[in-house]
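A.B. asks: Here is how the chains run, residue by residue.
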Amino acid sequence: MEQSSYSNLATTHLLGSVPAVLNEEKKASYEVPGANMQIFPPSNGGGGYQTLGAPTEVFEQQPPNNWKGVFSISSYTQYFNVDTDVVINRLISSFYPIGGDFFSKIDANPDLYGLIWITTTLVFVLASFGNCATYLTQKHSDSSTSWSFDVSYVNVAACGVYGYAVVVPMAFYFLLRYLGSNASLIRFWCMWGYSLSIFIPTALILLIPVEILRWIIILIAGTASACFVALNLRSYIEGNDLPMMVVASFLLQMALAIFIKVWFFP
Amino acid sequence: MSNSYSDSIPLNASSQSDIDEIENLINASVQSGPATVLPARPLSPPRASIPVSTSPFIQSNIPPPPPLSSSSSNQKVPYVPDAPTPPPPVGNSSSILATGFGPTPNTLTEPVWDTVKRDLSRIVSNLKLVVFPNPFREDPGKALRDWDLWGPFFFVVFLGLMLSWSASVKKSEVFAVAFALLAAGAVILTLNVLLLGGHIIFFQSLSLLGYCLFPLDIGALICMLKDNVLVKLIVVCVTLAWSLWAAYPFISSAVNLRRKALALYPVFLMYVSVGFLIIAID
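Protein sequences, first through last, are from chains A and B. So that you can map any letter, position 37 of the first sequence is 386 in the numbering used here, and since no number is skipped, the others follow by simple counting. So that you can map any letter, position 21 of the second sequence is 38 in the numbering used here, and since no number is skipped, the others follow by simple counting.
Hints may contain errors.
Straight line, CA to CA, 27 Å or less: simulated BS3-like cross-link-like pairs of lysine-lysine [to be verified]:
| id | chain 1 | residue 1 | chain 2 | residue 2 |
| --- | --- | --- | --- | --- |
| 1 | B | Lys134 | A | Lys488 |
| 2 | B | Lys134 | B | Lys145 |
| 3 | B | Lys243 | A | Lys488 |
| 4 | A | Lys454 | B | Lys277 |
| 5 | A | Lys488 | B | Lys187 |
No lab work stands behind these hints: they were computed from the structure.
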């Protein structure tokens, strides 16, 4: 603006000159905190004057929600506000089926990063190791088979894993809401997403082409994952009035495990 | 529109020059060339006959410089075109290009080879910046400033085609999976960085992830030609490492230090899955 050009002029030696005011712009943007508008003279309900209510009301007890619309990225960043060590911590705690404290761990800051990338990793792992395992099984029984890559494994894995991880928590959320309990969809998605992480190393171990061993491995992994889901759900619902939900979640997770074994590691 | 006017009614000199002025402005806004201020032009000389411009509206009512090929002078003669014609004939372009006084170079009237060559040279220069060692790689903002999406498109389609040709069964499904994986993967990876609070420009990142596919393209080509499993494994490992090395500085500089691994892991996952596809497709 004009101030800058004027300030370059050396005018202080001139009599009666006033140096230009610098940094005018900075002062202009200074906001007076807590400005209460009051009309003078302040009268408490008398006369014809009205006093404006104090603008600094106490906000409602809602947590700050930065929802700026469906199509704005910044409204979703609140669900990805995690660091590497936090994610690794949650991942490791998902391997321990007995505990039941996952929800308290994620309560302040649930994240969808785990859901998205664990499911994607699982899809890739199932498709790739499933093909390898199928080949190894066929080679085991008939040593003349040659390698063939069945690309439909990718499609089935994607539909199965993504469908399960998105739909099942939503179903539980709506069901619990309908039954009156207070549920949070993001936390459900987060928990179910982390519960799938056990299957990733399991898929690696399932490469061993011995049938009975595969069944044992998948049953162990399925039970661990299902216990994780069920115990956490039970501690979240905080009441024994909905045992069916807990049992249903257990059974669904077991069904997923068995589906993985049957389809990808025959 | 100026076309209908010039078709029927002979205009007086000032209206024609106004129309010239407007067409000049339209030309200047349509071109993607450097933004230059159009020189203030004197009125165009009055004409004896109004040329009928029947091709798309960017037609040269502008007085052409004296040396003209005969083909362009034919445009002045009223004739009915055979089809909605593409930009005017090739011989016109070199004479219209910046004479310092006339209009800025019109990318619609230049030869097709010029356009293709310009895009190709941009792809090559971007490739050299991204994939090969050079002193500018440390500064991501400078490196891919002139991003484009043609290069990534070629590389993705090329990779899909290589994989599809290598496959013995379900070729179209293989191409579909590869293309969907790469295209959706690039978008999702960029969104991942943005959601983690990183600072990255969306299309610049798409462009970058596409260019980093180039080593895997070479790997896929070699694997298609040589069908030995061990060779494939080694080639894919080397090219995969090269791709990851190319992509690493850009992604890691875009996010907070504590979240670097969170941003890099999906890139690693995508390239490993593509590498696995290359090895596994027989």
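A.B. asks: What hints, given by number in increasing order, does this structure fail?
C.D. replies: 1
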